[in-house]
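Letter by letter, the chains look like this.
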Amino acid sequence: MKLILSLLLIYISINMAVAQGCSDAGICYFSAHKSDIVEEKVIKNSIDFGYVFGKGPKSVTYNNAYLGYNHDFSEQFNLSLRTTYNQAHGDFGTIGQLGDVFLVGNYNFLKTEKSSWESSFGTKIPLTSANSKINGFALPMEYQPSLGTYDALFGITYHYAYWDFNSSLQLPVIQSNRNSYFDEFSASNDYPSTNLFKRRSDLLLRGSYNFITANQKWSFKPNLIGIYHLGNDSFEDVFGQRKTIADSKGFTVNANLISEYSITNQNSIQWSLAIPLVVRKVKPDGLTRALITQVSYQYKF
Amino acid sequence: MKNLILFLLLIVSISSCREEGIYTSEMNSDFSLSSSLKIKEGTFQPTVGIVVMGNVEIYIKEGKSYLKLSNFSVSKGPDLKVYLSKANTPTEFVNLGPLQNDKIYELPIPIGGYSYVLIHCQQYNHLFATAKLN
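Protein sequences, first through last, are from chains U and E. Under the numbering used here, the first residue of the first sequence is numbered 1, with each subsequent residue one higher. Under the numbering used here, the first residue of the second sequence is numbered 1, with each subsequent residue one higher.
The shape of chain U in the complex, shown without the other chains (with noise of 0.2 angstroms):
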């Protein structure tokens, strides 16, 4: 790994991911970037997949992968897309249906030799409106496969020696979730109203320290991830009243590790494992993992 001149790492595609995605631990979904190097030839482009296996706590499990492009425009500017495909799996059914698409910009400024910063910009689009249904029965937001939001994400990332610091801001800018989900109409008494849920915004903070071995074949990065929900959730009731959700705001920590092993400079396989130690007293956004791993490949050209 001499040949890797500079590490830009992406964390935007991490951050956000997991203040938004399918789970509150879903930190894990997503592989750092690397802009590098090999044998004179820059490489600006990447490609990622993934499959994700997580366990709901309301014995909901969940099968979900994805699919992710990076450009690198300069050493400074990149941007990535990605799409999700989102399958849950328990007493309502199965069902699976593409999720959302998420644009990142990362911007990386005053670079030293030990350090740099990072901000990061952009949105997740939604490719559902979390309105599925299963032979016409409305379905909770655990079986969603979005939330259903426009969101506008910004972070800012402090990378020094082996530490990252980072902070996320997800903010909800277009509520256009059309669940309608109501408890007294459902057999279930396991998952609250969420018919028009509306949903906050979230705060992400994380520390992470990234362990390489000495021949750079394999990097172990543990990461503590803590998620403030801004406020309350609200739902439009029977009676066509809006309702907030007492105690879905609140915080969450996950802790995360992430191991990844280079094949070659330009091929990398990743596996991590998420586990939340701090959970919302209520969940209406069906976001919480129980335990989320990942698999993922990243090809670089």
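No lab work stands behind these hints, which were simulated from the structure alone. Since this is a predicted model, take the numbers as computed values, not measurements. A hint or two may mislead.
Stated by the list, open to error - With a straight-line Cα cutoff of 30 angstroms, these simulated DSSO-like cross-link-like pairs (lysine-lysine) come out:
id, chain 1, residue 1, chain 2, residue 2
1, U, Lys198, E, Lys38
2, U, Lys44, E, Lys40
3, U, Lys58, U, Lys300
4, E, Lys132, U, Lys44
5, E, Lys61, E, Lys38
6, U, Lys198, E, Lys61
7, U, Lys221, U, Lys55
8, E, Lys68, E, Lys132
9, U, Lys44, U, Lys111
10, U, Lys111, U, Lys217
11, U, Lys58, U, Lys111
12, U, Lys58, E, Lys103
13, U, Lys243, U, Lys111
14, E, Lys64, E, Lys38
15, E, Lys103, E, Lys40
16, E, Lys86, U, Lys243
17, E, Lys38, E, Lys103
18, E, Lys103, U, Lys133
19, U, Lys55, U, Lys114
20, E, Lys103, E, Lys86
21, U, Lys114, U, Lys44
22, U, Lys243, E, Lys38
23, U, Lys300, U, Lys221
24, U, Lys243, U, Lys55
25, U, Lys198, E, Lys76
26, E, Lys86, U, Lys133
27, E, Lys86, U, Lys111
Said to hold, decoys possible - From the structure, some residues in chain E lie toward chain U, with a derived Cβ separation under 8 angstroms:
id, residue
28, Tyr23
29, Thr24
30, Glu26
Beta carbons are placed, not taken as given, at the ideal position from N, Cα and C, and that holds for glycine.
Take the given structure of chain U and dock chain E to it, following the hints.
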């Protein structure tokens, strides 16, 4: 690599799936309105561009009120709900749940003051049909 991506896209597209579970299987209720008293009824009228036919009937049985659709059909919509409403537009209403032709809806409130039944597409906020209760 190109073939691999095409293969992945193919896998994703064919694995878009929907299978029913225990909470989403078709349920046949054995509840019947026999020995109940019909207190109100109305005939559905369509809004522009919609085709609707049939009636709505309100019954009382053992102190509870029920709503039943009769000989009912309506143009397809993605998210049709049955509303009990105070007006012929969805301003003050009770959402009784998703439209199911053969379902008997138990009313969660006394019928007094609610003189319309609406068929409304919640997802696109589009009114499909109205019936005035007489």
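Here's how the hints hold up against the structure:
| no. | hint | in the structure |
| --- | --- | --- |
| 1 | U:Lys198 - E:Lys38 | 39 angstroms, violated |
| 2 | U:Lys44 - E:Lys40 | 71 angstroms, violated |
| 3 | U:Lys58 - U:Lys300 | 39 angstroms, violated |
| 4 | E:Lys132 - U:Lys44 | 65 angstroms, violated |
| 5 | E:Lys61 - E:Lys38 | 9 angstroms, holds |
| 6 | U:Lys198 - E:Lys61 | 38 angstroms, violated |
| 7 | U:Lys221 - U:Lys55 | 22 angstroms, holds |
| 8 | E:Lys68 - E:Lys132 | 14 angstroms, holds |
| 9 | U:Lys44 - U:Lys111 | 19 angstroms, holds |
| 10 | U:Lys111 - U:Lys217 | 25 angstroms, holds |
| 11 | U:Lys58 - U:Lys111 | 45 angstroms, violated |
| 12 | U:Lys58 - E:Lys103 | 29 angstroms, holds |
| 13 | U:Lys243 - U:Lys111 | 48 angstroms, violated |
| 14 | E:Lys64 - E:Lys38 | 12 angstroms, holds |
| 15 | E:Lys103 - E:Lys40 | 17 angstroms, holds |
| 16 | E:Lys86 - U:Lys243 | 21 angstroms, holds |
| 17 | E:Lys38 - E:Lys103 | 16 angstroms, holds |
| 18 | E:Lys103 - U:Lys133 | 18 angstroms, holds |
| 19 | U:Lys55 - U:Lys114 | 39 angstroms, violated |
| 20 | E:Lys103 - E:Lys86 | 22 angstroms, holds |
| 21 | U:Lys114 - U:Lys44 | 23 angstroms, holds |
| 22 | U:Lys243 - E:Lys38 | 34 angstroms, violated |
| 23 | U:Lys300 - U:Lys221 | 21 angstroms, holds |
| 24 | U:Lys243 - U:Lys55 | 29 angstroms, holds |
| 25 | U:Lys198 - E:Lys76 | 27 angstroms, holds |
| 26 | E:Lys86 - U:Lys133 | 29 angstroms, holds |
| 27 | E:Lys86 - U:Lys111 | 65 angstroms, violated |
| 28 | Tyr23 | 5 angstroms, holds |
| 29 | Thr24 | 4 angstroms, holds |
| 30 | Glu26 | 6 angstroms, holds |
Checked against the numbered hints above, the structure breaks hints 1, 2, 3, 4, 6, 11, 13, 19, 22, 27 and satisfies the rest.
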